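Q: Here is what each chain is made of, one letter per residue.
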Amino acid sequence: MQTLGEHKLPHFFHYPPYFTLQPVRETREKQIQLWKELILDYCRVQKIFVIGLEEDFPLFSNPAIERSLNHEAREAFLSAIVLDGRAEWMDKSHRQCLILWHRIKEWADIILHFVKENGLEDSVMTVEEIRTGVESRGTDIHGMDRGVLMRALKLLENKGKLAIFKGASTDDEGVKFSV
Amino acid sequence: MRRRPGIGGLQTAAAARDQYRLLGENVAKLRTDLMKEQLSTFRSQLEDFARKHKNDIRKNPAFRSQFHEMCAKVGVDPLASNKGFWAELLGIGDFYYELGVQIVDICLATRPINGGLINLEELCKILSQRRKGAREAVSEDDCLRAISKLKVLGSGFEVITVGKRKLVRSVPTELKKDHNEILELSQAQGFVTVEEVERRLSWSTGRATDALETLLDEGLAMIDDGHRDGKRRYWFPCVSSVSSFVASETL
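Residue numbers (this note's numbering), protein chains in the order written: chain S, 2 to 180; chain B, 104 to 354.
To be clear, the hints were calculated from the coordinates, so they are not data collected in a lab. Computed from a prediction, not measured in an experiment: that's the story for all the values here. Watch out, some of these pointers could steer you wrong.
Distance condition first, Cα-Cα at most 25 Å in a straight line; then the derived DSS-like pairs of lysine-lysine [stated by the list, open to error]: (1) Lys155(S) <-> Lys117(S); (2) Lys254(B) <-> Lys269(B); (3) Lys176(B) <-> Lys9(S); (4) Lys157(B) <-> Lys9(S); (5) Lys176(B) <-> Lys132(B); (6) Lys157(B) <-> Lys132(B).
Short, incomplete list of chain B residues facing chain S, as computed with Cβ under 7 Å [what the hints assert, rightly or not]: (7) Pro215; (8) Met325; (9) Ile326; (10) Asp328.
One-sided and incomplete, this derived list gives chain S residues near chain B with beta-carbon spacing under 7 Å [unchecked claim]: (11) Pro18; (12) Phe20; (13) Thr21; (14) Lys31; (15) Ile33; (16) Arg68; (17) His143; (18) Gly144; (19) Asp146.
Just so you know, even glycine gets a beta-carbon here, dropped at the ideal spot from N, CA and C.
Construct all of the structure, not just a fragment, from the sequences and the given hints.
A: What follows is the structure in structure tokens.
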């Protein structure tokens, strides 16, 4: 197996026809499934949250076999992930895709777990502290997309697990946990 | 015996004929009896052999293959029924049954990739990977035997030869001659172009395109439009080793 950077790649990535959207339904379904899994897995490991369709996302081409996914294929694969509920188009023209390798609800659970693990049940933290602080190091939360984090926090707020408030500076927001 | 004319002579001749006939039948019977006896001796020797070398037969594919050949010569089929002496002694029936089930599984799992055609070598490789923990190693010969038992299932499950490879077919659609030739051609690089098919097989464009499109529709081929020369390539997973990689990720 070759690696893209350090990511271990499945063998289909080195078989040229997989870079062309297949016309035959059964073959295409299998192709889409394989690409979906690869994209989600890669994003999870590399902590990638946004894929720009017209940008050089590493998985879109394999220089070793001189093949690249065309726009139609890229959109097809990402659309399939969106249909699964694991991604969202960020714009109507489908140029940017938000990848939810954890769904928002899963992020919320992870945050709750993190709070309990670190004895933060009644404490206050800023959103940035949650995202980049020492406590979250080694967890998926560390370095996560701020937009996604805010959505997960809002979900928890609706459940009464915490309260979001504006901080002293306009830069950051604070969170008071009441787990 | 002196020939004598007249009725007496005729009767003697008839009696002589009868005696020869009886003798002839006896000789034939003797030969058959002898053969039966030899066969029976051979069979019991084979049984002794099997008993003594039970472990080797189970563990060693090459040995097992030779054992089967010996059995075939004597007209014994250890796989004929799951019950009976052989199956009980060697438990071989179960082994091939188990293999058969695994082979069917693998063929079904890889069908979306290769359209129901997988090359034998690859199939055995996947099988070995799956059976890593098992005591018994599996050879291509074992696969072939298991597959021949699968034929009982009817539709599909046949081994066909294309060029230098053996392919296992697990779908009812038979390969037409034109398709066979294309598959053979594709073995060189794993793919063909319409142009290449026309040129190498001296076919019309229509004939080449029709055949390739049918193979595509049946899931045996995949298209590749990504080469910088702009020519569409038709790839055949069953002649490459793609199935094994995909299979090991799904099984």
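Q: Return the numbers of the hints above that this structure violates; sort them in rising order.
A: Going through the list in order, the structure violates hints 3, 4, 6, 15, 17, 18, 19 and respects the others.
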